[in-house]
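S.K.: So the chains spell out like this:
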Amino acid sequence: MLLLALDTSTSAITVALHDGSGVRAERAVTDARRHTEHLAPLIEEVLAAGAVAPAELTDIAVGTGPGPFTGLRVGLVTARTLGFALDRPIHGVPSLDVLAHQGSGLVTGDLLVATDARRKEVYWAVYAVRSGRVERLSAPAVDRPGDLEDGVRALPTLGRGPLLYPDLFLAPLPVHDVSAGALAEVAVGRIRSGTPMPVDALYLRRPDAVPSVSTKSTVPDGWRGA
Amino acid sequence: MSDSGQPLVLGIETSCDETGVGIVRGETLLVDAIASSVDEHARFGGVVPEVASRAHLEAMVPTLERACAEAGVRLADLDAVAVTSGPGLAGALMVGVAAAKALSVGLGVPLYGVNHLASHVAVDIVEHGPLPSPTMALLVSGGHSSLLLVPDVTADIQPLGATIDDAAGEAFDKVARVLGLPFPGGPHIDRVARDGEVTIDFPRGLTTGRDLERHRFDFSFSGLKTAVARWVELRQRAGESVSVADVAASFQEAVVDVLTRKAVDACRTHGVDHLQIGGGVAANSRLRAMAQSRCEAAGVELRVPRPGLCTDNGAMVAALGAQMVMRGRTPSGLDLPADSSMPVTEIQA
Numbered sequence: 000m001l002l003l004a005l006d007t008s009t010s011a012i013t014v015a016l017h018d019g020s021g022v023r024a025e026r027a028v029t030d031a032r033r034h035t036e037h038l039a040p041l042i043e044e045v046l047a048a049g050a051v052a053p054a055e056l057t058d059i060a061v062g063t064g065p066g067p068f069t070g071l072r073v074g075l076v077t078a079r080t081l082g083f084a085l086d087r088p089i090h091g092v093p094s095l096d097v098l099a100h101q102g103s104g105l106v107t108g109d110l111l112v113a114t115d116a117r118r119k120e121v122y123w124a125v126y127a128v129r130s131g132r133v134e135r136l137s138a139p140a141v142d143r144p145g146d147l148e149d150g151v152r153a154l155p156t157l158g159r160g161p162l163l164y165p166d167l168f169l170a171p172l173p174v175h176d177v178s179a180g181a182l183a184e185v186a187v188g189r190i191r192s193g194t195p196m197p198v199d200a201l202y203l204r205r206p207d208a209v210p211s212v213s214t215k216s217t218v219p220d221g222w223r224g225a
Numbered sequence: 000m001s002d003s004g005q006p007l008v009l010g011i012e013t014s015c016d017e018t019g020v021g022i023v024r025g026e027t028l029l030v031d032a033i034a035s036s037v038d039e040h041a042r043f044g045g046v047v048p049e050v051a052s053r054a055h056l057e058a059m060v061p062t063l064e065r066a067c068a069e070a071g072v073r074l075a076d077l078d079a080v081a082v083t084s085g086p087g088l089a090g091a092l093m094v095g096v097a098a099a100k101a102l103s104v105g106l107g108v109p110l111y112g113v114n115h116l117a118s119h120v121a122v123d124i125v126e127h128g129p130l131p132s133p134t135m136a137l138l139v140s141g142g143h144s145s146l147l148l149v150p151d152v153t154a155d156i157q158p159l160g161a162t163i164d165d166a167a168g169e170a171f172d173k174v175a176r177v178l179g180l181p182f183p184g185g186p187h188i189d190r191v192a193r194d195g196e197v198t199i200d201f202p203r204g205l206t207t208g209r210d211l212e213r214h215r216f217d218f219s220f221s222g223l224k225t226a227v228a229r230w231v232e233l234r235q236r237a238g239e240s241v242s243v244a245d246v247a248a249s250f251q252e253a254v255v256d257v258l259t260r261k262a263v264d265a266c267r268t269h270g271v272d273h274l275q276i277g278g279g280v281a282a283n284s285r286l287r288a289m290a291q292s293r294c295e296a297a298g299v300e301l302r303v304p305r306p307g308l309c310t311d312n313g314a315m316v317a318a319l320g321a322q323m324v325m326r327g328r329t330p331s332g333l334d335l336p337a338d339s340s341m342p343v344t345e346i347q348a
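Quick note, the sequences are listed as chains A and B, same order.
Take the first sequence: its letter number 220 is residue 219 in numbering that gives the first Met the number 0, and every next letter is one higher.
Take the second sequence: its letter number 117 is residue 116 in numbering that gives the first Met the number 0, and every next letter is one higher.
Heads up, some of the hints might be wrong.
[As the list claims (entries may be wrong)] Taking beta-carbon pairs under 7 Å as the criterion, some of the chain B residues facing chain A (in silico):
{"hint": "1", "residue": "74"}
{"hint": "2", "residue": "199"}
{"hint": "3", "residue": "241"}
[Unchecked claim] Covered stretches of chain A, as calculated for chain B (at least 3 residues, CB under 8 Å):
{"hint": "4", "stretch": "59-72"}
{"hint": "5", "stretch": "75-81"}
{"hint": "6", "stretch": "137-151"}
{"hint": "7", "stretch": "154-161"}
Think of the hints as simulated: they come from the structure by calculation, not from any bench.
For each residue, glycine too, the CB sits at the ideal point set by N, CA and C.
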C-alpha cells in the first residue's frame, strides 16, 4: 500500500505518504488563506521525499471537514481529481476524527475537538479515548463556543478553539491543526477494517443566500415626471 | 506530443456557475462538456457564489469523465492542462485551479493558468480558424462588458473600454426581474422581445457629449436598468397596462445599439477590420443581427462563435492553452493562485 493523505480543513495544508506500515513522509504549511497555492507543491514534495511516482500510489485519503468551505474544497477536489487521474480509490475521513486521534496519545477519557468555523463559531465533536482507542460520542456540529455546555468546554480540547476563545475552553491541548500523517493512520485502519469512508464534504451550514422576493422602488417620493 | 504534432490539451473553466471541461487537439475542438448550476441559482435571482462553488466540487470529476469518454481521449495521452485562473468568483475559481493542479501532478503534464477573457477570444480559433491580427473583441456577459484590441491573443491584449457599472448581462437579469421573467434574463428577454416593438426610447449610456469624450469605449448599463424599472413602475402605479414585449424589445435595442455602435467605432478608430463577439450576451439574436448589419456597412468582418462557445465553457480554456503550448510558452507553477481580479492584460498567470 502507498497511500497519499491530505487535509485542508484547518489552518494547515498538510500532506503525508503512508506505506502500509507507517508514515514515510509528511509536509505541512500553516497558511489559512492560501490552500490553493500550497497543496499541489506539498504533494510533489512528499512524493519526492518518499521516492514515489504518482502512478505508484494505491490509495488517496482526504479530510472531509468540517472546515472553512473554500479551503476544504481545495483538498476535496484535489483528492477526487487525483483519484480520477490515477484511477485509484479515494477515502474520506472526517477531519475532527483525525484531531481526536492526534490527541489520543495525550489524554485518556473524554476529549473535545473544537476548530475555527469563523463567524465566531467553532466546529466541534466530543470523543472518548479508552486504552488508545478513539470513539466519537457526538456528531460534528457548528455552534458559538459559549453555547456549548460547561462540562463539554471543560474537557481537554484540541484544535484552534482554545486559541481563539481562551476564556471559554479551559483545558487546551497543544494540538491545533490536522496532521496528514495522523489522517493516513486513521485511513489505513479504516480501510483494513472495511469501514465505509464517504468523501462528501461536511459543510454543516447552508450557503448564505436568500431568495429574491421583490425589487425596491425606483421611483423617488414625490416623483412626477417619467 | 502526439504523432500529429498537435498538442492534446484539456481545459477547465469554473469562474462562475458553469463547470466546463473541453479538450482540443491543436486548433481542433474534440469535446466541450458542461455542467451548469444555473437552475440552483434561479430562485435567488442571481448567481450565489457558495452555491456555485459547491456545485463545481460535485460536478468536476463527472464532467472530466464525460469529456474524456465523449472525445475518446485517455488522460494519459494529454500533453497539457489549462485552467481559468481568473478573473471570476474566487471560491469557484479555486475548485478548477485545484483540479487542474491535481491532473498536472497526477499525470506529469504542464499546467497553464490562463485568463478567462482571453479564453473567450481564443475560442474562435477552434470555431473559425486562426484569429486575424489585430482583432477587435467585444466580450459581453453577466460578469463582463469589454472592448479589447487583440494583436495576439496569447501575448498582447489591450483593453480599450469596459463597463463602469453593471455588466450587460447583469442589466438583462435585472430588467427581466422587473418584467417578471425568470433568471437568467438574457434568453427570456430575447424571446419575449421578438413579439414586441421598439416603442420606448430608453437612454443610451455614455454616448453623448462629455460622457462620450471621457468614456468613448466604455459602457454603462446601470442608468438604463433604472430607467426601465422606473418606466414600468410608474405605469403600474397609474393602473396602466405594460406591454412586457415592447419594454423588453426597447430595452434590448438600447443595449445592443450601444454595444454595436461602440464596437464598430473602435474598429474604425483603430483601423481593425475584424470584430469578434463573445460572452453569454453574444447569444442574443438582436445583438447578432445588428452587429452583422453594422459591420457590413462599415466593411468589418464579424466573427461570432456558436452560442455554446460564447457562454462560459472549458473548450475556450483548452483552445487558449493549446496556443500557449504551440508557442512554446513556459507553463505556470504549481503554486498558481486563483486571481479573482486578474487583469485582461495578464493572459497567462
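S.K.: Do the numbers back the hint for residue 74(B), that is, is its least Cβ distance to chain A under 7 Å?
M.R.: 6 Å, holds
S.K.: Closer than 7 Å between Cβ atoms is the bar; does residue 241(B) clear it against chain A? Give me holds or violated.
M.R.: 13 Å, violated
S.K.: Count the residues of the stretch 137-151 of chain A whose Cβ falls closer than 8 Å to any Cβ of chain B, and tell me whether that reaches three.
M.R.: It is violated, with 0 qualifying residues against the three required.
S.K.: Against chain B, does the stretch 59-72 of chain A show at least 3 residues with beta-carbon separation below 8 Å?
M.R.: Satisfied; 3 residues make the cut.
S.K.: Please count how many residues of the stretch 75-81 of chain A have a CB within 8 Å of a CB from chain B and say whether that reaches 3.
M.R.: holds (count 7)
S.K.: With 7 Å as the cut and Cβ atoms as the points, is residue 199(B) at the interface with chain A?
M.R.: 10 Å, violated
S.K.: Test coverage of the stretch 154-161 of chain A by chain B using CB-CB distances below 8 Å; three residues minimum.
M.R.: violated (count 0)
Taken one by one, the earlier hints fail for this structure at numbers 2, 3, 6, 7, listed in ascending order.
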